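Q: Throw the hints in and build the complete structure from the sequences for me.
Protein chains: 2
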Amino acid sequence: MQAEIITIGDEILIGQIVDTNSAFISKALNKIGVSVYQITSVQDDKAHILEALKNANSRSQLVLLTGGLGPTKDDITKHTLCEYFGDSLIENKGVLEHIEFLFKKYLTTPISDMNRLQALVPSRAEVLHNAYGTAPGIWMENEGTVFVSMPGVPFEMKGLMENEVIPKVRGQFKRPHILHKTLMTYGMGESAIAEKIADWENELPKTIKLAYLPSLGRVRLRLSTTGTDKEALTAAIDAEVKKLYPLIGDIIYGEEEDQSIEASVAKLLTDKKYTLSTAESFTGGKISSSLTALPGASKYFKGTLVSYATATKIETLGVPEALVSQCSVVSAEVACAMATNVKELLHTDFAIATTGNAGPEKGDSQAPIGTVFIAIATPKGTFAQQFTMGNHRERIVQKSVNKAFELLQKEIINF
Amino acid sequence: MQAEIITIGDEILIGQIVDTNSAFISKALNKIGVSVYQITSVQDDKAHILEALKNANSRSQLVLLTGGLGPTKDDITKHTLCEYFGDSLIENKGVLEHIEFLFKKYLTTPISDMNRLQALVPSRAEVLHNAYGTAPGIWMENEGTVFVSMPGVPFEMKGLMENEVIPKVRGQFKRPHILHKTLMTYGMGESAIAEKIADWENELPKTIKLAYLPSLGRVRLRLSTTGTDKEALTAAIDAEVKKLYPLIGDIIYGEEEDQSIEASVAKLLTDKKYTLSTAESFTGGKISSSLTALPGASKYFKGTLVSYATATKIETLGVPEALVSQCSVVSAEVACAMATNVKELLHTDFAIATTGNAGPEKGDSQAPIGTVFIAIATPKGTFAQQFTMGNHRERIVQKSVNKAFELLQKEIINF
Numbered sequence: 019m020q021a022e023i024i025t026i027g028d029e030i031l032i033g034q035i036v037d038t039n040s041a042f043i044s045k046a047l048n049k050i051g052v053s054v055y056q057i058t059s060v061q062d063d064k065a066h067i068l069e070a071l072k073n074a075n076s077r078s079q080l081v082l083l084t085g086g087l088g089p090t091k092d093d094i095t096k097h098t099l100c101e102y103f104g105d106s107l108i109e110n111k112g113v114l115e116h117i118e119f120l121f122k123k124y125l126t127t128p129i130s131d132m133n134r135l136q137a138l139v140p141s142r143a144e145v146l147h148n149a150y151g152t153a154p155g156i157w158m159e160n161e162g163t164v165f166v167s168m169p170g171v172p173f174e175m176k177g178l179m180e181n182e183v184i185p186k187v188r189g190q191f192k193r194p195h196i197l198h199k200t201l202m203t204y205g206m207g208e209s210a211i212a213e214k215i216a217d218w219e220n221e222l223p224k225t226i227k228l229a230y231l232p233s234l235g236r237v238r239l240r241l242s243t244t245g246t247d248k249e250a251l252t253a254a255i256d257a258e259v260k261k262l263y264p265l266i267g268d269i270i271y272g273e274e275e276d277q278s279i280e281a282s283v284a285k286l287l288t289d290k291k292y293t294l295s296t297a298e299s300f301t302g303g304k305i306s307s308s309l310t311a312l313p314g315a316s317k318y319f320k321g322t323l324v325s326y327a328t329a330t331k332i333e334t335l336g337v338p339e340a341l342v343s344q345c346s347v348v349s350a351e352v353a354c355a356m357a358t359n360v361k362e363l364l365h366t367d368f369a370i371a372t373t374g375n376a377g378p379e380k381g382d383s384q385a386p387i388g389t390v391f392i393a394i395a396t397p398k399g400t401f402a403q404q405f406t407m408g409n410h411r412e413r414i415v416q417k418s419v420n421k422a423f424e425l426l427q428k429e430i431i432n433f
Numbered sequence: 019m020q021a022e023i024i025t026i027g028d029e030i031l032i033g034q035i036v037d038t039n040s041a042f043i044s045k046a047l048n049k050i051g052v053s054v055y056q057i058t059s060v061q062d063d064k065a066h067i068l069e070a071l072k073n074a075n076s077r078s079q080l081v082l083l084t085g086g087l088g089p090t091k092d093d094i095t096k097h098t099l100c101e102y103f104g105d106s107l108i109e110n111k112g113v114l115e116h117i118e119f120l121f122k123k124y125l126t127t128p129i130s131d132m133n134r135l136q137a138l139v140p141s142r143a144e145v146l147h148n149a150y151g152t153a154p155g156i157w158m159e160n161e162g163t164v165f166v167s168m169p170g171v172p173f174e175m176k177g178l179m180e181n182e183v184i185p186k187v188r189g190q191f192k193r194p195h196i197l198h199k200t201l202m203t204y205g206m207g208e209s210a211i212a213e214k215i216a217d218w219e220n221e222l223p224k225t226i227k228l229a230y231l232p233s234l235g236r237v238r239l240r241l242s243t244t245g246t247d248k249e250a251l252t253a254a255i256d257a258e259v260k261k262l263y264p265l266i267g268d269i270i271y272g273e274e275e276d277q278s279i280e281a282s283v284a285k286l287l288t289d290k291k292y293t294l295s296t297a298e299s300f301t302g303g304k305i306s307s308s309l310t311a312l313p314g315a316s317k318y319f320k321g322t323l324v325s326y327a328t329a330t331k332i333e334t335l336g337v338p339e340a341l342v343s344q345c346s347v348v349s350a351e352v353a354c355a356m357a358t359n360v361k362e363l364l365h366t367d368f369a370i371a372t373t374g375n376a377g378p379e380k381g382d383s384q385a386p387i388g389t390v391f392i393a394i395a396t397p398k399g400t401f402a403q404q405f406t407m408g409n410h411r412e413r414i415v416q417k418s419v420n421k422a423f424e425l426l427q428k429e430i431i432n433f
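Keeping their order, the protein sequence lines are chains A and B. Numbering of the first sequence is given in our numbering, commencing with residue 19 and proceeding in unit increments. Numbering of the second sequence is given in our numbering, commencing with residue 19 and proceeding in unit increments.
Among these hints, one or two may not hold up.
Because identical chains share one entry, a pair is satisfied inside a single copy or across any pair of copies.
[Claimed, not checked] With a cut-off of at most 30 angstroms between alpha-carbon atoms, the simulated DSS-like pairs for lysine-lysine come out as follows:
1) K291 to K111
2) K111 to K214
3) K49 to K186
4) K122 to K417
5) K192 to K317
6) K122 to K317
7) K45 to K176
8) K96 to K290
9) K214 to K398
10) K224 to K96
11) K64 to K45
These are computed hints drawn from the structure, not numbers from a lab. Only a predicted model underlies this, so the values are computations on that prediction, with no experimental measurement involved.
A: Written out as C-alpha cells, the structure is:
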C-alpha cells in the first residue's frame, strides 16, 4: 500500500511559499500505515499535471493532490481531473448550499457567480465536505487507484484530511503497521554518535531502519519498521532502544515523536504546578511566544519582559546601572539579575533570562556576535551559562531558545 | 532553460520535517531567470533516486539535489551519483583539510574516520566549497545536464547556493529574465477581487500570467512574465499594474515581493526615527519576536511586556483592577490601558497592545474564543478595535499579529 502526493501551484515552484501541506499529509498517512513513495510539486499547467497524474497512477494506489481548486482563473485542477478521467463538471446541490451557508454566516460580501462555480464537481466524483471553505474535496477512482483532490489552503486541507480522507482510506485500504520511534539527543554530533553505536547499528535486524536527523545542536535517531503484527513490531523496536541506553543514555533527553522541547517543558511545569516567567533581550519574546503557542499556557505562564533596549533592562527590570557599566550588558551578572528580578516581579517559581549579541552589528556591548548568556532562576537560586552560537542571527536566536528550555528542563527535573 | 529539484530523505516522506530547502532554491533560481519545472521528494532508496535522476535528466538542463550527504549509513546520495555516472569515490585533499580545520576550530570532539569519509567525492565531480559544514557540494555533468548535490542542512545548503551554485549557473547557462510583481491586498476575498478585476484580467496580454495567493486575510496578486528584454518586460508589467489601481487601489497595501508586513513596519519606524513597545497578552510575544527577528530592531524597538496572566496586567503594567473587573480583561478598555501604559513605561512614540481569547478553553473572561482587541497608542492618543478571528489557536494569534502591524502601519503613515 503506497501513496503519492502531488502539490500544484506556480507559487511553490517560484519559491513564494513553502509547501507545508505535504509534510502534514505524509505524517497523517504514515500514522495509519500508508507509506508515501514520492512528493511531486508541479506548475499550474494542464499538460504537466496530466503527466504527474499518469506517473503516480502507474506506481501508487492512492494519489493525493492539493492546490488549484480556488474560484479564480489560475486554478485548473478540477478541469484537468475531468480531462484525465474523461468526465465533465456538474453542479453539486449540497456543495452549493454549503457555499451559500458560509457566505451568509461568515462573510459580508454578497455571493457571486464565481463563488457558485465552486459547486461544480466531476460527475463521477464523490464529494468530500470541506467544513472550512467553499472548495469541496474530490474523491475519484481509476483502475484501482484513488485520486483525492483538496484545496491548497492548509487550514481547509487539514480539516478535509482529518474528517474525510483518513477515515475513508482506513475503510477502503488494507494497510500494514508502520512504527517509528525517535530518540532525541543533544550535545553530541552525528558522527560521534554513529561511532559510539556502530556495533549496535551493524547488528540491527534488517527489518529495522535507522536514520540520523541533525538540527541545531540536536540529533534525532529514528528507528522505523513495517509489518502486520503491531505487538511484535513494538517489541522489536523496544528491544533495540533498550540496548541503546547503556551506550548513549546520557545524551538522550526524550523519546516521544514530535515532542518539542517547549512542549516537554510545558508538560513538566503543568504537572508539577510550577509557574514561569521570562526576561528576554535578543530572543525578543521567542521563548515566551513558543510557550504561549501551546494550549494551556495560562496554567503556568505569567508573563515576560522583553527588555530589548539597555534602558529597559535598567528601568523596567531593575537591573542596576552600575552592574551594566561594570560587567557589560552581555554578561552572566546581568543575565542573573534579569532572571532573579523578573521572577520576583511576576511572582513565579522559575524564570529564564537571555542577553546576548545576535548581530549582524554589535549593540550596546563589545561581546562578539554569537555570545549569549542564559540565566535560570529557580526557587533555590540563580545561575547563568555562557554560549557561543555562531554568527547567523536567526540560528543564534533559535539555538538559544532551545538551549534555554534545555537548561530549565534539567533544573525542574532535578528540583 | 529549466531546472528541477530533487530532495532526498525518508524524513520528508514520513512528514517528520517540512522541506524548506526547495522553496529557497526555487526562489534563488527564479531570481536569475531559471524556471523550476518540478520538485520531487524521494526516499533514501538507491533505485528510487536513480529513477528520479533519470527522469529529471530527460527533462531539464539543471538538476539540484539536497540531502543524503551526511557521514552516517543512511546517507546514500554520493554512492548513488557514482552509480548513475559510472564513477567511483576518491579522497579530495582540499575537502579533507577543510574538515580537519572545522574540527580543530569549532568542535571539541576529536575527528574520526567517519568524518574523514566526507572527503570522498566522485572522481569526475567538481567540488563546491561548503564553508559551514563538512559535506562538500558536488557539481557533475551528463550529456548537457548539470547535477548539483548539496547537504540537506538548510544553513549549509544556503551557503552553497549563494557562494557557489548561483555564480556558476550564471556563468554557464544562458537565461531569460523572469519578472514577478506581487501586489499585496487585504480586506477582500479572492473571488470578490476576481470579479472587480474581471475585465482587466480578460484583457491581460498572453505573455503575462496572473495568480491569486490567499493567506490569512490577505490576497497577493502575482503578475509574472518571461522574456529577453528586461526593460520591455518591466514596462509591460508596470502598465498592467497601473490599470489595476483605479479598480482595487483601496485594498493594495504594498507592492514589494517578499516584503512581510513586519518588515515594512520596521522600515517605516527606522526611516521616521520613531520608537515602539508592545504589551501582549494572548499573542505571547509574537509581535515582539517577529520584529526582533529582523536585523536592526534595536534602532526602534525598546521592549515588550507579555502580561499573560491577568495579575501581570494589573501589577506590572498598571492596568487598574477596577477596569478589569468592570469591563473584563478582554475588552477595548483594557487593551487601551495596556497600550497607553507600556508606551509610557518604556518611553516610546508608538505602542501595540493585544488582549483576547485564543482558546481552546476560555480564560479569565467570558469572551468567546476568537474575540480579540488590538490597541494602538500613538503620540496623539490611543484607540482599540475588536476582531473575530475564528476558532483556531495558531491562526487567531497569527492573524492578530498581522492585523496589529496593519493597524500600526496605517497610523504611522498617516501621522
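Q: Indicate, hint by hint, whether the structure satisfies it.
A: Hints and how they fare:
1. Within a single copy, K291 and K111 get their C-alpha atoms no closer than 52 angstroms, and across copies no closer than 57 angstroms, so neither meets the 30 angstroms cut-off.
2. In this assembly of identical chains, K111 and K214 lie within 30 angstroms of each other by CA distance solely across copies; the values are 26 angstroms between and 63 angstroms within a copy.
3. Taking the shortest Cα distances, K49 and K186 sit within 30 angstroms of each other inside one copy (14 angstroms), while across copies they are farther apart (42 angstroms).
4. Taking the closest pair of Cα atoms, K122 and K417 come within 30 angstroms of each other only across two copies (22 angstroms); inside a single copy the shortest separation is 47 angstroms, beyond that limit.
5. Proximity of K192 to K317 under the C-alpha cut-off of 30 angstroms is found in neither arrangement, the shortest distances being 42 angstroms within a copy and 60 angstroms between copies.
6. Within a single copy, K122 and K317 get their C-alpha atoms no closer than 37 angstroms, and across copies no closer than 46 angstroms, so neither meets the 30 angstroms cut-off.
7. Proximity of K45 to K176 under the C-alpha cut-off of 30 angstroms is found in both arrangements, the shortest distances being 12 angstroms within a copy and 26 angstroms between copies.
8. Taking the shortest alpha-carbon separations for K96 and K290, neither the intra-copy value of 52 angstroms nor the inter-copy value of 49 angstroms comes in at or below 30 angstroms.
9. For the identical chains of this complex, K214 and K398 are neighbours neither inside a copy (36 angstroms) nor across copies (65 angstroms), given an alpha-carbon limit of 30 angstroms.
10. In this assembly of identical chains, K224 and K96 lie within 30 angstroms of each other by CA distance solely across copies; the values are 22 angstroms between and 43 angstroms within a copy.
11. In this assembly of identical chains, K64 and K45 lie within 30 angstroms of each other by CA distance both inside one copy and across copies; the values are 28 angstroms within and 23 angstroms between.
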